[in-house]
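> Residue strings, one per chain:
There are 2 protein chains.
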Amino acid sequence: MENLEIKNKEILVFALGGLGEVGKNMYCVQYENDIIVIDSGLKFPDEYLMGIDYVLPDYQYLIDNEDKIRALIITHGHEDHIGGIPFLVKQVKIPVIYANGLSLGLIKNKLEERVNFPVNLKEYNENEALVFNNFNISFFRTNHSIPDTFGVRLKTPVGSVVHTGDFKFDFSPTSKDSDYHKMAKIGEEGVSVLLSDSTNAELDGFTISEKVVSQTIRDMFESIEGRIIISTFASNIHRVQQIVEASIQTGRRIAVFGRSMTKNIDVGYKLGYIKAPKGTFIYTRNPRQEITTNKLTILCTGSQGEPMAALTRIAAGIHKQISLKPGDTVILSSSPIPGNQESVNRTINMLYKRGAKVITQSPFADVHASGHGGQNELKLMLKLMRPKYFMPIHGEYRMLKIHAELGEDTGIPKENTFIMGNGDVLAINEKKAYIKGQVQTSDVYVDSESIGEVGSLVIKDRRELSDDGLLSVIITINENNREIECAPNVVSRGFIYTKNFDNMTKDLQEITIKACDKFLDYGKKLNINGIKIEVTRALKAYINKMTKRSPMIMPVIMVL
Amino acid sequence: MENLEIKNKEILVFALGGLGEVGKNMYCVQYENDIIVIDSGLKFPDEYLMGIDYVLPDYQYLIDNEDKIRALIITHGHEDHIGGIPFLVKQVKIPVIYANGLSLGLIKNKLEERVNFPVNLKEYNENEALVFNNFNISFFRTNHSIPDTFGVRLKTPVGSVVHTGDFKFDFSPTSKDSDYHKMAKIGEEGVSVLLSDSTNAELDGFTISEKVVSQTIRDMFESIEGRIIISTFASNIHRVQQIVEASIQTGRRIAVFGRSMTKNIDVGYKLGYIKAPKGTFIYTRNPRQEITTNKLTILCTGSQGEPMAALTRIAAGIHKQISLKPGDTVILSSSPIPGNQESVNRTINMLYKRGAKVITQSPFADVHASGHGGQNELKLMLKLMRPKYFMPIHGEYRMLKIHAELGEDTGIPKENTFIMGNGDVLAINEKKAYIKGQVQTSDVYVDSESIGEVGSLVIKDRRELSDDGLLSVIITINENNREIECAPNVVSRGFIYTKNFDNMTKDLQEITIKACDKFLDYGKKLNINGIKIEVTRALKAYINKMTKRSPMIMPVIMVL
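Protein chains in written order, with the numbering used here: chain A, 342 to 901; chain B, 342 to 901.
Isolated chain A (complex conformation):
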């Protein structure tokens, strides 16, 4: 990949992650020799990425241009926006990371746990601009499913880039209002290009307000007699506070379960987002102590059906401190993230089986609202910003595409809209905008906390292994007399039942010996690779004929 040609008076905008996907958001704005990075997220793998914990962007462009990086700006504290930071700072020198409020607290925690050198982390003030050479950076508050979410304007000598962050417009939020007037002012002052959140571009209309959710939860807490077990996204601190308030009002004490929930409530409490009188929370960290309080809210993780989460263990009847009993009500104040529907359903089935009543989100009940604006909210943002150029971000391809169409509806010409992929570089100067080229991007896998030790070849192996298991044959060859010492040892894992496999062993040994035969002539150098290929071929053919299966064949040659 060649390097980008940097022209004077030209803004470059590109994503290292976040386009064509929901996750690992990382956008870069470059003006001449200054780069501002916006967000550094990770992505959770789908089921095809076997054994992978996270996916990160490839940081190569930033490594190559380390000297130009001025700052990393964080829009909000979700994992797909901050989860990559510990990995990034180990690979790239970032002069300063700017974040605000809760995001700052969450990043601080993350760095303390996982980075053992100092990182320059600062708080930005939403009312003050940050200046880095030619960049003047300011912020506007939005509503989202986590407190302290901001959009960013980056002013350069040839125009402004606006990045909305993740947003919805909530006219009755349970948190601070969106800053409508600041957005209007930014629009008035002129926006060259708008980068706007496409997550809910497929959703007609307007998302429901947090106030409706809050009221629904309050009403439910009033009417429910027994214990309430409620699960939500741990980072949705405002929702958590609503649950805390509803509990207090109905005389319930609160027991918190799940690591991320405990951690987020701790941070939220310190920063003043979680307010509760003393004695509201029950001490739950003694795993041998069963919680028997009756007037109780159990606030826990597991809204996505995660195998080890508190709610999942409660549902499976293996939670040490909570046993479900008839009369318990479980509320899922959340929606399944795409891909998690099945595990959430499994949890719900188990909860029902244990006699609990289960309440899930609308259309059944307004116990959850999305943090991403629907079509009318997206249009409102476009109207307020009235950008010259439009770049839908934060979404799979169809979401970007539909968002582009919404842009057209609001009057942005098709030719001024750029549906881009990760690595595509949009260049904007005073005359025009155009795709200038590509920078290097790819998915980088994190497996057991280490980066880059697992790539697509390893994943391919895992996939093959998961399908029909493995058949290994160990052949011991005496190099001196060119003879196979003792019968080849045939072993398998994840293939078929041992009993059925044992019946084939003799055949497999004979086939192996026969396949080796022509490679055992004196005089020539022993062709280990040739033997492996031939043995694999012969065993594959036999196995496929006998069982219609294709296990991975792994021949091992021991030379004595």
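Watch out, some of these pointers could steer you wrong.
Chain copies aren't distinguished; within one or between two, either way the pair holds.
[Unchecked claim] With a straight-line Cα cutoff of 30 Å, these simulated DSS-like cross-link-like pairs (lysine-lysine) come out:
#1 K552 - K866
#2 K552 - K431
#3 K434 - K889
#4 K698 - K773
#5 K847 - K526
#6 K724 - K698
#7 K866 - K847
#8 K777 - K698
For the record, the hints were derived by calculation from the structure and aren't laboratory data.
With chain A fixed as given, assemble chain B onto it according to the hints.
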């Protein structure tokens, strides 16, 4: 498991599959020494069942009671109701299989392809009763997403069992009407126990009518200029016919792609469900011939994002005969089956990327209707049948539970409702109904067409292999001098990159040798198993410390 005690004048009702799940439906009704089996389905595995093709019920009860089986009755031709037949007839002697219309055609095809001995397959007449000793069996037509779907009434000397099959009430179907009057009459004559489809128990209200779908498709075909690529469930023959008619009316010829679509249209055509003038269909079976006709409907498989299906290959740009071009419209006349949402989304993203317009089901457009009735339809069935006892069937636990609550709403006392699992036996006599006990049930895996060669242990291995791969160490021990011959051979697959692994090889060899050491004393018999356990333990500890991973460890001992 003990055998069931058979009492006189008692009906036994139980499921070998279909309760607590959507799939592998198989219900049994036994009266004294006669058993009637209703449906013989299979289930498609979820992602946890690695490499498994299908899941079947355990047929052991039927094997043990073969002499009592009088007939297998098929309600309709979906795979979760007929897919198990080829496997069943190989294990259990079934004196006669009764099916109707399209189901009969589909079963005939299936048996021809997969069973090489004669099976007694007969057609039932919906207006005539079948009599087997004490059973008098009659049928009532319902609406569903495949033609010729029926409910079944089994009259016995002590009362009637009604099994609804899968159903919805469609007041304006594109097929024959449901037989409301027959259902009403059955209800009037008295129903002891109703077994009713719970699939859409969570769905408020009424499903939309096929007529609405048909009209929507027709309107779209009128207004769309370019080629139309449309995908639906191959078995939804009425939908296919609507698509054929809309094509004819708008002057489009039709190209059919995908094995199951071609097969179902063939069967449907022979049975008169698919009607089209000569020349409507384009010959597509020459894989080298690109289809270039412009006024065209491409009717294909792939509505679930199946990796090898026609639409998926078209979307990926690897279909030999169809290349997408701007102006093409893709209609998904289907809904994603739970678990398939992600693969469907992947297909949609790819289609958008290739410039196609994509239309999916409501809320976006009424291009699909479910074949399973919503809450009001379920209540209507309960009202028509007014059963004494109620047994919700065909659903995951939460669906059964919600269906039970709907039953209560319609006036069925809670104590008369039985939410059961597979194998639970409901006994009904003239006085009461009660759970009598259990018969043997389990999930039986079919992997590469063979049954029972793969069980939960093999699956567990595959899961472990898929997570962190495999590490194998081969140790060659000379039994005579109790020495390890040559360095242990360490190989891995799906673990980490070879390069990173190679750096650990020396350590792994040393650890292996050390672990073997204490087992190599003279005098004792060589404890192969002890060596394996100790080597596994030692390697696991090292690998976990170095990489935080847990590959499957497979030590192989070669004794010379």
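> Cα distance capped at 30 Å. Does K434 pair with K889 within a copy, between copies, both, or neither?
between (53 Å within a copy, 26 Å between copies)
> One pair to classify: K552 and K431, alpha carbons no more than 30 Å apart. Within, between, both, or neither?
Classified as neither; 41 Å inside a copy, 61 Å across copies.
> Quick one: K724 to K698, C-alpha cut-off 30 Å, is that within a copy, between copies, both, or neither?
Between copies, since 26 Å is at most 30 Å while 44 Å is not.
> Taking 30 Å as the upper bound on the Cα-Cα distance, should K698 and K773 be classified as within, between, both, or neither?
between (59 Å within a copy, 28 Å between copies)
> For the identical chains here, do K847 and K526 meet the 30 Å Cα criterion within one copy, between copies, both, or neither?
This pair counts as neither: shortest intra-copy Cα distance 81 Å, inter-copy 65 Å.
> Measure nothing new, just compare the shortest in-copy and cross-copy C-alpha distances for K552 and K866 to 30 Å and report within, between, both or neither.
Answer is neither; intra-copy 79 Å and inter-copy 75 Å both fail.
> Tell me, please, which holds for K866 and K847 at an alpha-carbon limit of 30 Å: within, between, both or neither?
Both: 29 Å inside a chain and 26 Å across chains, each within 30 Å.
> My question is about K777 and K698: at a cut-off of 30 Å on alpha-carbon distance, are they close within one copy, between copies, both, or neither?
between (57 Å within a copy, 27 Å between copies)
Hint compliance for this structure: hints 1, 2, 5 are not met, and every other hint is.
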